[in-house]
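Engineer: In order, the protein sequence lines correspond to chains A and B. If you use the numbering used here, the first sequence corresponds to residues 1 to 364, in order. If you use the numbering used here, the second sequence corresponds to residues 1001 to 1711, in order.
Just so you know, the hints here were simulated from the structure itself, not pulled from any lab data. Be aware that one or more of the hints could be misleading.
Chain A is faced by these chain B residues, among others (derived, beta-carbon under 8 Å) [claimed, not checked]: (1) I1011; (2) R1013; (3) I1019; (4) D1021; (5) R1024; (6) L1025; (7) A1683.
Covered, in the sense of this in silico footprint (three residues per stretch, anywhere, with C-beta under 8 Å from a C-beta of chain B), are these stretches of chain A [unchecked claim]: (8) 62-73; (9) 206-213; (10) 232-240; (11) 248-262.
From a predicted model like this one, the values you see are computed outputs, not experimental measurements. Backbone N, C-alpha and C fix where the C-beta goes; we use that ideal spot for every residue, glycine too.
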Amino acid sequence: MERKSSFDFGFFITIMILLSFGLIMVFSASSASAFYNFNDSYHFVKRQLMWSVLGLFAMFFMASFDYKYLKKLSIPILIVTIGLLVLVLIVGEEINGAKRWLGVGGLTIQPSEVAKLAIIIYFASSLAKKKEKVRQFFTGLLPYLLVLGIILFLVILEPHLSGTVVIFAVGMIVLFAAGAKISHFFILALPTIPAFIYVIVKEPYRMQRVTAFLDPWQDKMGSGWQIIQSLYAIGSGGLFGLGLGRSRQKFLYIPEPQNDFIFSIICEELGFIGATTVLFLFLVLIWRGIKIALNAPDAFGSLLVAGITSLIAVQVLINVAVVTSSMPVTGMPLPFFSAGGSSLLFVMIGMGIVLNVSRYGKSR
Amino acid sequence: MAFTLICMALIARTGWLQIHDGERLQKEAIEQQTRDKMIYSKRGTIYDRNGKPLAVSASVETVTATPNEIKQAKNAGEIAATLSKILDMEYEKVFEKITRDSSYELVKRRIENEQAQQVRQYIIDEKIKGINLVEDSKRYYPYGNFASHVIGFIGDDNQGLNGIEIMFDKYLKGLPGRIVSAKNAVGTEMPYRHEKYVNPEDGANVILTIDEVIQHIVEKHLETAVIENKINNGGAAIVMDVNTGDILAMAVKPDFDLNNPFKIENEAVRSELERLSGDELKKRYTEELNKMWRNKAVVDTYEPGSTFKIITSAIGLEENVVEPEDPFTCTGYVMVSGKKIKCHRHDNPHGAQTFVQGVQNSCNPVFINVGLKIGSDMFYRYINAFGLREKTGLALPGEAVGLFHSANKFPELELATASFGQGFTVTPLQMLCAVSAVANGGKLVKPRLVQQLTDQEDNVIQTFEPEMVRQVISQETSDTLRGILESVVSEGTGRNANVKGYRIAGKTGTSEKVPREDKKYIASFIGFAPADDPQIAVLVMLDEPTRGYPYYYGGVIAAPVVGKIFEETLRYVGVEQRFTEEDDVLIDVPVPEARNMEIPDAEKALKQVNLKYKVKGSGNTIIDQLPKPGAKLPEKSMVILYTENTKLITKVVVPDVTNKSPLDANKILTDADLNIKITGFGAAMNQHPAAGSEVSPGTVVNVEFRLMEGD
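Construct the complete structure from the given sequences, taking the supplied hints into account.
Structural biologist: Printed below as a string of structure tokens:
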């Protein structure tokens, strides 16, 4: 048995800073719309606080839960996940025309969030066993692509494009980390790209988002509204920002400012300095994550951490890219910051797993 | 690694947006985030020279709506029903306004205080959200159709649109205050954060040189003249203090109601407009409005005609090219540069006359000769000196300058016609200023319409002092010319402007409009008084009289208006009337009691107060009399005494005396047992009561006589 030691402290501290920072920003960003919609400025931050506490418990639990047991649980988790993804299509709560949420008691969770972790755990454990065989296309790579395909298919049926993109990206990164051939990815790209374009063109609202991205001012009051409001917020921030709590764009200009567009509120209130700080914190987190992955005692641990780290990385990049109008709008939460309970819970679970792996690291 | 690179790219992107584009984005953001509410500043009052308010602002309220708030409360129907009732508007109109997809709508502007009170009560009682009362102001013009063209009016946004209101807009309006408040995307106001309050600064009051009493006098007489003589193109009158340049009155008729300036006053035009629609209507309506708002006295130019002979005389006397007693001969025309220029009385030439008589007769050949002796250069220099080629600088919008020949194209023929006021144009105001200079001893003064600006506590902010522009002619020339011009009114073509007891000087003018063959005229008269110590100058011009001959001559239709204006104005400003023997002034005396008297006693009683009598019946004792004791009659009138108890004749029919001489009219009326009160000279033009009406014997019939001579 490897020597059990304390977890990576740098990683832990970064998590705690991000979590607290996130909580403050959720409060600041949500107070106005919370007051307007619920007559209670604390409506969202109360929930976020609850989820944070829950997330902390989950993280500490996972941090002390030996990750090697996950290997045995990987297939059951995958099956349960597929079950949930099917279930959500049948009994899921429909919000804005999408069935993404499952009500459990008073809480709602997104099965796609579960799927993100499930696919990482399954890929990591299975690929760790497969080792070099992954270089073979049919016997090595194809089975994973099939499993991934099933999951992606179910998620896109919800529909949940951003979730699909994240799961696909993370799956690819884990496969790549496990040693799959780059050439295979190119072959894979051939059918994927037209499929992706088809998925976008098929839905008018997705096309609208693309045109809105290309010229948001064309339909200022309609499809361009969200992104213009986000740009106004970012621009208003300048170098030092308007000051914490002093966002003006959160007054119902940016729809649900505590969610996907919380980064623009950060930019407005804390300026370029604050925005850079947030991204820097994520960089630190990713950097520690990569270190933990490299130092992991086994391939499973290494792939697991790589997957979870990349999960955070992909989400951060897409979120910031959307908010700064660097890509078309898609609903992507910013980990630790965006309000929305289950997303945070699963991020914290992932963080717990990484911390647990770090305890078995080869070097201190 | 890839992550780091993308991350850097995103940081760069954020930085670009925040620092490079920041200013622009922030500006746009603030535009949408704030609501700028104006707080009206109180508009200053416009006063006449004695402090009578001519334009005042009162605070009223405007009803506005925030449809988004109403949408949330879902009670638009109910609100619309109540508001439509209080505000006297259609339900559908109110409903449509308060349910628009917007965050701000005007429901009704400037409502009555009582309505505002009801709306306020409704908002409080029913806790209505989304309906607001905003302070606004309303301009009132206490005298309505009064000095319309001078005072001007304001538009919907309280901005001056005409007259003093536009010229002094920046002083009158003050600085509006602002409430800058944050608003959210729904348009409702946020109860807290970045609110800024800027206090409004009230506007200044403007004190005019206009005297409300004189203005009323002028308007009354000008309006009568415009109606009586069927003036097609309006009339203008100006009263000016010759020494200070103060405009005491300036009237243009027809006028319009300052409280409703967008209503076309002319009924014929209005019904014509009703038949139009679309662009055509818009165009005509705008044209008609501009015509109605046009201040003829300042904006229109006209050929001064014979009134300009005052200026030619002044130049001639000043340059010593003519003396008052110099002899002239009018043969009915003069040849200049091979062209025949006729006198207005070419069919009956004036013959031999002195210069003074030439002025009295308004004889063109006399002035042509004087003009030619003055010469083009000299004449031109005086045209400039009298300010006829520059704006007077009066504080009213759109002041025009007449057109005069250019200096290098002013040969003898043009000089000859210019000498009697033809071939060039001036504004009435320019002309009056030039004549004032002649009257006041030779000083051209700048006309002044605004004396002072004061603040709300009546502290003086600014005073506009009278300004002398230049000395144009000598005191001596001025003195000589005053005498000559007085004789024009006492003996010449200007006799219709004469007022017993006042020494009035002046000159008539009748100009044919171009093209001359249209036979359209402008009749005018310029005078000043008292002739020995001029204080006031008056100009009246009537554009296109259509009553027919001789009612287009300045002496016939404009001179009497000036006379009446002088009579009342001089009395108002306290110039004493000084009667001479010739004036034969008849004052009103009370009729004494003659009843129950014997005829000789009655005669004595009547004679004492200079009344005559006529006996009806053959008795000796007077049973009754008409008019009754105590009634007032002008001296030399007749009291009818009844000595027989025959059925008394209680009514007589007033005979028509039109065109009769005073002597004949007197006889006709006396024969009809009526009395006469004579005003003016010449032929009877108006009588009151009118011919044909039934009145008591002894009633005084006012008969206005007028000289019907040309020019």
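Engineer: For every hint, state whether the structure bears it out.
Structural biologist: Now the hints, each set against the structure:
At a threshold of 8 Å, the smallest CB-CB gap from I1011/B to chain A is about 6 Å, leaving the interface hint in force. Interface hint status for R1013/B: upheld, as the beta-carbon distance to the closest one in chain A is roughly 5 Å, under 8 Å. Taken as an interface hint, I1019/B checks out: its beta carbon lies about 6 Å from the nearest beta carbon of chain A, inside 8 Å. At a threshold of 8 Å, the smallest CB-CB gap from D1021/B to chain A is about 5 Å, leaving the interface hint in force.
The criterion of a C-beta within 8 Å of any C-beta in chain A is met by R1024/B, whose closest approach is roughly 7 Å, and the hint holds. The criterion of a C-beta within 8 Å of any C-beta in chain A is met by L1025/B, whose closest approach is roughly 2 Å, and the hint holds. Hint status for A1683/B: violated, given a least beta-carbon distance of 79 Å to chain A, over 8 Å. A stretch counts as covered by a chain when three or more of its residues have a beta carbon under 8 Å from one of that chain; for the region 62-73 of chain A and chain B the count is 0, and the coverage is violated.
Restraint check on the region 206-213 of chain A versus chain B: 0 residues with Cβ-Cβ distances below 8 Å, three needed, restraint violated. With a threshold of 8 Å between beta carbons, the proposed coverage of the region 232-240 of chain A by chain B holds, since 8 of its residues qualify and at least three are required. Check result for the region 248-262 of chain A against chain B: holds, 5 residues qualifying (beta carbon to beta carbon below 8 Å, three or more required).
When the structure is compared with the earlier hints, violations turn up for hints 7, 8 and 9 and for no others.
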